[in-house]
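Enquirer: Sequences listed follow chains A and B, in order.
If you read the first sequence in my numbering, its first letter stands for residue 1, the second for the next number, and so on.
If you read the second sequence in my numbering, its first letter stands for residue 124, the second for the next number, and so on.
Take the hints with a grain of salt, since some may be wrong.
To be verified - Calculated cross-link-like contacts (lysine to aspartate or glutamate; reagent style EDC-like; alpha-carbon spacing at most 20 Å):
#1 A/K117 to B/D483
#2 A/K116 to B/E223
#3 B/K556 to B/D483
#4 A/K118 to B/E223
#5 B/K479 to B/D215
#6 B/K556 to B/D487
#7 B/K493 to B/D483
#8 B/K568 to B/D483
Rather than coming from a laboratory, the hints here were simulated on the basis of the structure.
As the structure is a computational prediction, the values presented were derived from the model and not from experiment.
Chain by chain, the residues run as shown.
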Amino acid sequence: MLANYGLIGLFFIIVALFSLSMPIIPIVLRYLKIVPSHPGPVKNSTFECGVETIGKTWVQFNFHYYFYALVFLAIDVLVVFLYPWAVQLRQLGLFSFFAVLVLVFIVVIGYVYAWKKKVLEWK
Amino acid sequence: MNLALLIPEITLAVFAVLVILLDLGVRQKTVLRSVALAGLVIAGGVTAAMWGGSYPAQFSNMLAVDHFALFFKLLFAGIAFLVILASADYVDKFARFQGEYYALILLSTLGMMLMAATADLISLYIALELTSISLYVLVGFLKDRKSTEASLKYLLLGAIASAVLLYGMALIFGYTGQTQLGAIARAIQSMPPSAVMDSPALLMGIVMLIAGFGFKIAAVPFQMWVPDVYEGAPTPVTAYLSVGSKAAGFAIILRVFFSAFGMPDWLSANWGAIFAVLAVISMIVGNVAAIPQANIKRLLGYSSIAQAGYLMVGLATFGFAPASSVLGQSGILFFLASYALTNLGAFIAVIAISNKIGSDEIADFAGMFKRAPVLALALTFCLVSLIGMPPAAGFMAKFYIFSAAAQNGLLWLVVIAAINSVISAYYYLRVVKVMWSGEAASGEKVPSSGAPRLALFICCLGVLLLGVIPGLVMRLAEVAGRLFAF
Chain A
1 MLANYGLIGL FFIIVALFSL SMPIIPIVLR YLKIVPSHPG PVKNSTFECG
51 VETIGKTWVQ FNFHYYFYAL VFLAIDVLVV FLYPWAVQLR QLGLFSFFAV
101 LVLVFIVVIG YVYAWKKKVL EWK
Chain B
124 MNLALLIPEI TLAVFAVLVI LLDLGVRQKT VLRSVALAGL VIAGGVTAAM
174 WGGSYPAQFS NMLAVDHFAL FFKLLFAGIA FLVILASADY VDKFARFQGE
224 YYALILLSTL GMMLMAATAD LISLYIALEL TSISLYVLVG FLKDRKSTEA
274 SLKYLLLGAI ASAVLLYGMA LIFGYTGQTQ LGAIARAIQS MPPSAVMDSP
324 ALLMGIVMLI AGFGFKIAAV PFQMWVPDVY EGAPTPVTAY LSVGSKAAGF
374 AIILRVFFSA FGMPDWLSAN WGAIFAVLAV ISMIVGNVAA IPQANIKRLL
424 GYSSIAQAGY LMVGLATFGF APASSVLGQS GILFFLASYA LTNLGAFIAV
474 IAISNKIGSD EIADFAGMFK RAPVLALALT FCLVSLIGMP PAAGFMAKFY
524 IFSAAAQNGL LWLVVIAAIN SVISAYYYLR VVKVMWSGEA ASGEKVPSSG
574 APRLALFICC LGVLLLGVIP GLVMRLAEVA GRLFAF
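Chain A with its partners taken away, still in its complex shape (with noise of 0.2 Å):
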């Protein structure tokens, strides 16, 4: 039992000793003068990914992209009942034939309510 102990404690010593060094091997480098130095305003800037933004970032967007997702996941979702429904359509019979359409008809009331609401109208 303790020795399980021993072998995940010499795991922790192996991986802490692995991350001091990892950081310490390109300053030991430079102190040897196996890599050059020659600083510049793009090498000494801080390392982003992405673009510069353009404009403040504190614009407002439109609202209406929630009531798209809205109306969205619900038809994504009925998909992905879908999906292993007509798969394994004739073992499951009649049955879940029925019982699936019911589904869809009640996501396109839900459908044809936002249309009906001018969810869909982009103003």
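Keeping the supplied structure of chain A fixed, place chain B upon it in accordance with the hints.
Expert: Then chain B, alone, in the frame of chain A:
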């Protein structure tokens, strides 16, 4: 699979969809109310017609269509019917969303019906969420500052309660390997008591289930949401919450704890003790906190916390004496029915009055006896029933529950409950005093339209009948409660 057993639920779903579709095309919005009421009448009628047949485990052991479930389905259909009748004038406040209002009430009723019929932790959770999500939206229907705040609070706290509930379910599933309630009971009974005590996961799961359900029934210390949500929500929705949601919570507690954890006596005595403690603090906190309230909706909110305390006396009775307390279980069902009628009556009167005078403050109800004698009389009668005085239903309900508790060695609990009933008389009668002897702000009459009057009449008649001849409903409750007698 026998789909005929699901006709009430299917009816409600179809009518909810129908209301939404009609709302898109129809200009005359009162049609929607008639359609919603028709759906509830059909669902309730079919449920009543199904009385007599008992199908314990249907649909892959997910649902039980037994007398217990039918009793509650009938109750929920009746509650939703009265709430929709009562909101006849009130719905003008949300002119754009009347169809959604009725559809959501139907859908949450559907969820409550399924809650009463669950025989499995999975279907239980789905039914619970169907109810809760509809109610979250309904609470925010006024779209003003208070209503939105109430809705957000209810959503956040409800989500936490759901998380706790799910964690409890996960622990119970992890311990027994079953989600079906009967199978859980068998798994627990097949283990030696020491095995259960050695691994506290099951007990932890039970405690978490109590916490999750305690949120639904608004028991202290899970009652934080009650005053704000009750005050902010549209008053018909508050009435619906205080009656429907609470009854559904108790239905689910009865079902889960009686059929899954009811059997080894030492286990049921354990959760009985938890409910006894919760009952005591719910009664005390609810009644004492209700005293200084100036808003009638907040007052009724705290009173509903106290009423949950009285109901939990019945749960504790069953926990301590599962075999011998048939009166205890049917007493809980009777209490729920009488509480539903009483509290709905009180809320309907409040809706009718405060919709016209535009205020929920108790002080503004002064002299209401002169301005609206019928409404004031009905409200008085319902408040008297909430105290538990004869001849109203509240008296018989408390009598059944307390006498069952006293017979089963919980006399100390009954004494505390009786003291609390006296405390509650103070704040209920304060409202009555303001209405009958206060100086009216204006001599203007407070008119009310037909539908709320009809709903109020049904409630008051029901309260009176249950108080004078309780035998009829009590017999139904006994048949429904016998399900859990071992």
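Enquirer: Between B/K568 and B/D483, does the CA-CA distance stay at or below 20 Å?
Expert: Status holds; Cα separation ~17 Å.
Enquirer: Does B/E223 lie within 20 Å of A/K118 when you go C-alpha to C-alpha?
Expert: 15 Å, holds
Enquirer: Are the Cα atoms of A/K117 and B/D483 separated by 20 Å or less?
Expert: 33 Å, violated
Enquirer: Does B/E223 sit within 20 Å of A/K116, going by the straight-line distance between their CA atoms?
Expert: This hinted pair holds, its Cα atoms lying about 13 Å apart.
Enquirer: Decide if the proposed pair is consistent with the structure: B/K556 and B/D487, CA atoms, cutoff 20 Å inclusive.
Expert: 13 Å, holds
Enquirer: Does B/K493 pair with B/D483 here, judged by a C-alpha cut-off of 20 Å?
Expert: 18 Å, holds
Enquirer: Is B/K556 within 20 Å of B/D483, Cα to Cα?
Expert: Distance of about 16 Å is within 20 Å: holds.
Enquirer: Is the straight-line distance between the alpha-carbon of B/K479 and that of B/D215 20 Å or less?
Expert: 12 Å, holds
Hint compliance for this structure: hint 1 is the single one not met.
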